[in-house]
Amino acid sequence: MAYHMRLYLVAFAFLCVASKPKPVCAAAWTQAKGEHLLIASYRFYQAQSFFDVDRQKQPKNGRFSKDEWQLYHEYGWRDGVTLGKELAFSRQRDVQRDVFARTPEDRLRIVEFSGITQAEYFATIQLWRDDEWAVALQPRIGIPSYFFDDPPDDLVTDNFSVQMAASVGHNFTLMETTGHFFDMSAAYRHRTGQLLDQYMLHVVAGLKLNDDWMLLPEIHYTGASGAIDRNIMTITGQNDYELTKMQGTIRYQWLHDVAVQIGGFAHIDGMNTGGGGGALVSVWLIF
Numbered sequence: 001m002a003y004h005m006r007l008y009l010v011a012f013a014f015l016c017v018a019s020k021p022k023p024v025c026a027a028a029w030t031q032a033k034g035e036h037l038l039i040a041s042y043r044f045y046q047a048q049s050f051f052d053v054d055r056q057k058q059p060k061n062g063r064f065s066k067d068e069w070q071l072y073h074e075y076g077w078r079d080g081v082t083l084g085k086e087l088a089f090s091r092q093r094d095v096q097r098d099v100f101a102r103t104p105e106d107r108l109r110i111v112e113f114s115g116i117t118q119a120e121y122f123a124t125i126q127l128w129r130d131d132e133w134a135v136a137l138q139p140r141i142g143i144p145s146y147f148f149d150d151p152p153d154d155l156v157t158d159n160f161s162v163q164m165a166a167s168v169g170h171n172f173t174l175m176e177t178t179g180h181f182f183d184m185s186a187a188y189r190h191r192t193g194q195l196l197d198q199y200m201l202h203v204v205a206g207l208k209l210n211d212d213w214m215l216l217p218e219i220h221y222t223g224a225s226g227a228i229d230r231n232i233m234t235i236t237g238q239n240d241y242e243l244t245k246m247q248g249t250i251r252y253q254w255l256h257d258v259a260v261q262i263g264g265f266a267h268i269d270g271m272n273t274g275g276g277g278g279a280l281v282s283v284w285l286i287f
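In our numbering, the protein residues as written are 1 to 287.
Just so you know, not all the hints are guaranteed correct.
[Stated by the list, open to error] SDA-like cross-link-like pairs, simulated, lysine to any residue; straight-line CA separation at most 25 Å:
#	residue 1	residue 2
1	Lys85	Leu196
2	Lys60	Phe265
3	Lys85	Met200
4	Lys85	Trp128
5	Lys245	Ala227
6	Lys33	Ala259
7	Lys208	Gln31
8	Lys245	Met200
9	Lys85	Ala279
10	Lys85	Met184
11	Lys85	Ala227
12	Lys60	Arg93
13	Lys245	Trp128
14	Lys85	Ser41
15	Lys245	Arg140
16	Lys33	Met184
17	Lys85	Phe44
18	Lys208	Ser185
19	Lys85	Asn210
Hint data in this document are derived by calculation from the structure and do not stem from the laboratory.
Model the full assembly from the supplied sequences, consistent with the hints where possible.
Below, the structure written as structure tokens:
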């Protein structure tokens, strides 16, 4: 996994260093004063395998799926300061098969539950900006997940969390085409209760194809701050886990203030989490 992380970062660094910088636009990090950004997304994820605590991919003997609806909102409170929130509602279904079980009910076990799995509020504070680069800090607070149904016994849900992230953004020209950008953020999240703290790395590049189309390759890494309990095995992503996820999307600027984004993602490495992938579609609104 460490080798993969080094490879991805070298690739993104090459894009950044080998390019000629231009004024920052997409990587400015904060909205203009009084301006809103709203992103509504739907994600579908499924897994028939999982990564165990030794990072080995194992068959699940069943199938896990999740439908998730996300709402992301930013508001330019003042120049250089943006306030925002992220909300997510998900419906999850876990099917497990055990051919050695004694009763038909135990041979096919189906668990379904739904609820609010993400409710976070943040502020993005721009520390420095010039014509080429932007640097910002982002404090964030998360409130506990809430499930409408009884989740599985091994699902230890999030409690309150506080997080601090540092971000850097850069606009550049690549192959004589302007409008590309590179963003990277690193964060540390403290979770109250019995769950381990987490550290995260997010890297995204925006590669502009023309005035309307842009490719967005991304990599997300989440690490645990301590040893993961071997007695808790889950693929729901709510317990202690480590995960490297790659995502590729394309965004189309439909109207001046409306864009559509579609793509897919895959879990390529991890510990105590699912080994699947999925698809997403998003609508961006600026007003």
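Check each numbered hint against the structure and report the violated ones by number, ascending.
11, 13 and 19
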